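S.K.: Sequence:
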Amino acid sequence: MESMNKIFFLILVIVITSCGSNDHYDIGPHETRLLVVNPSVQKIMDDLEYDIVRVVSLDLPENISTIIPKDIQIVNNRIYILDTEVNKTVFMFDMDGAFISQLGRLGHARNEYIEAPKSFSVDEKTGVAHVYERSSCRVLKFDSEGNFMTFVKLDVCVPGSLVLTESDNYICCFEDQANGGGAQLSLLDKEGGYIKSFLGAPNNSKLSLIGNPIHKDKDKISFFPFMADSVIMFSNDDVEYTIKIDFCGQFVSEETRAKSMEEGTFDPLYQHKGVQFIDQFELTDSLLHVGYAYNLRRSQFVKNLSNNKTYNTTFGPLFKGYSPVCDFFVAEDKLLYFIDEEHVDQLHLNEKDVTSSQVETMRNSSKQAMLDIIDKKYQFPLIMMVKLK
16 MESMNKIFFL ILVIVITSCG SNDHYDIGPH ETRLLVVNPS VQKIMDDLEY DIVRVVSLDL
76 PENISTIIPK DIQIVNNRIY ILDTEVNKTV FMFDMDGAFI SQLGRLGHAR NEYIEAPKSF
136 SVDEKTGVAH VYERSSCRVL KFDSEGNFMT FVKLDVCVPG SLVLTESDNY ICCFEDQANG
196 GGAQLSLLDK EGGYIKSFLG APNNSKLSLI GNPIHKDKDK ISFFPFMADS VIMFSNDDVE
256 YTIKIDFCGQ FVSEETRAKS MEEGTFDPLY QHKGVQFIDQ FELTDSLLHV GYAYNLRRSQ
316 FVKNLSNNKT YNTTFGPLFK GYSPVCDFFV AEDKLLYFID EEHVDQLHLN EKDVTSSQVE
376 TMRNSSKQAM LDIIDKKYQF PLIMMVKLK
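For the sequence shown, the numbering used here assigns the number 16 to the initial residue and increments by one for each residue that follows.
Keep in mind the hints are simulated off the structure, nothing from the lab. It cannot be assumed that every hint is accurate.
To be verified - For each label pair, taking beta carbons as the anchor points, the in silico distance ranges come out as:
1) 162 / 271: 44 to 50 Å
2) 59 / 83: 24 to 30 Å
3) 55 / 81: 35 to 41 Å
4) 279 / 368: 25 to 31 Å
5) 274 / 43: 42 to 48 Å
Keep in mind that this is a model prediction, so the values were computed, not measured. Each residue gets a CB set at the ideal place from its N, CA and C atoms; glycine is no exception.
Let's have the full structure, built from the sequences with the hints guiding it.
M.R.: Written out as structure tokens, the structure is:
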């Protein structure tokens with residue numbers, strides 16, 4: 016029993032339920048899988064449980080000095096990086112880091128964005144990238160070499176983000192009732208027309224989406240509803256099952272969530288002692304990743320689905336030795352860490368707060384590839400790819 020309290024695991028439970036708060040929407044009969052998470056238990060990897068399988072230095076264009084990634088995806092041996100903060104576009108690189116193309120830029124032409132794109136999704140069958148720009152409510156399409164093709168106008172709503180399904184439709188999530196027409200999650204066709212809704216919108220008009228609630232890896236599409244402790248999994252255009260995440264009684268109460276929405280502020284959530292919200296969920300054939308806030312600290316849970324080993328950390332690295340304390344992304348069987356020179360400089364500054372023997376211990380516990388990054392033997396920025404054993 017003790018191990019069950021310390022290990023994250025999945026239990027299959029068959030129920031018929033709706034994750035929505037609006038009775039007018041129902042995701043219908045489905046299987047619910049229970050993921051039990053104890054945020055109080057910390058478990059990090061030792062050096063025998065992972066490998067740094069690749070370090071890819073990115074060859075940025077001459078006019079680009081830095082990138083702040085909101086999303087990183089690897090599709091058809093292409094690396095796509097969404098930067099909504101600095102460059103407000105999507106960059107495409109090959110697997111060696113060579114720059115291929117920039118998918119649009121700010122402007123008012125047909126192939127440009129009025130504001131930063133919100134999300135993107137790549138069709139594995141064709142290599143076409145669908146980049147969503149909310150301000151104009153358009154999806155711009157680019158071919159596998161980054162050439163602009165056309166755009167789709169979404170004329171029924173203004174999603175917060177979207178992904179492409181196997182049927183070439185769009186699953187879209189909305190920040191509020193006004194933009195979603197009362198829906199939080201809907202299906203649109205490839206021309207931007209409305210097909211159906213899955214989930215009612217919360218009674219909220221002032222709070223923005225937390226994190227990026229939609230994730231896609233190959234045929235797996237996941238969505239975590241606003242302020243919820245559940246995740247909806249899709250098979251193509253339909254709900255396949257849901258995942259209920261049990262944080263061992265530490266997730267914020269329904270009453271506190273309702274108060275936040277009523278007051279239009281996250282303050283009630285922030286005052287909660289425990290798990291405040293989920294802001295990242297990624298599921299592939301090999302890995303399951305949950306990002307969440309625990310006592311206002313950025314926390315990460317990863318499960319290796321090949322052997323059911325699990326790891327959890329609150330405001331710290333997932334593995335011993337030198338490790339980038341930053342957000343990462345999941346693609347297929349790898350964790351993707353984006354590391355720039357400023358990040359490495361900060362790690363060196365942190366060394367001033369520890370003894371020389373502690374620094375030596377850190378180096379001895381680190382993979383050689385990580386030491387080469389710390390010693391700046393690679394060109395920055397770079398993507399470090401980590402594979403769990």
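S.K.: Going through the numbered hints above, which ones does this structure break? Give me the numbers in ascending order.
M.R.: 4, 5
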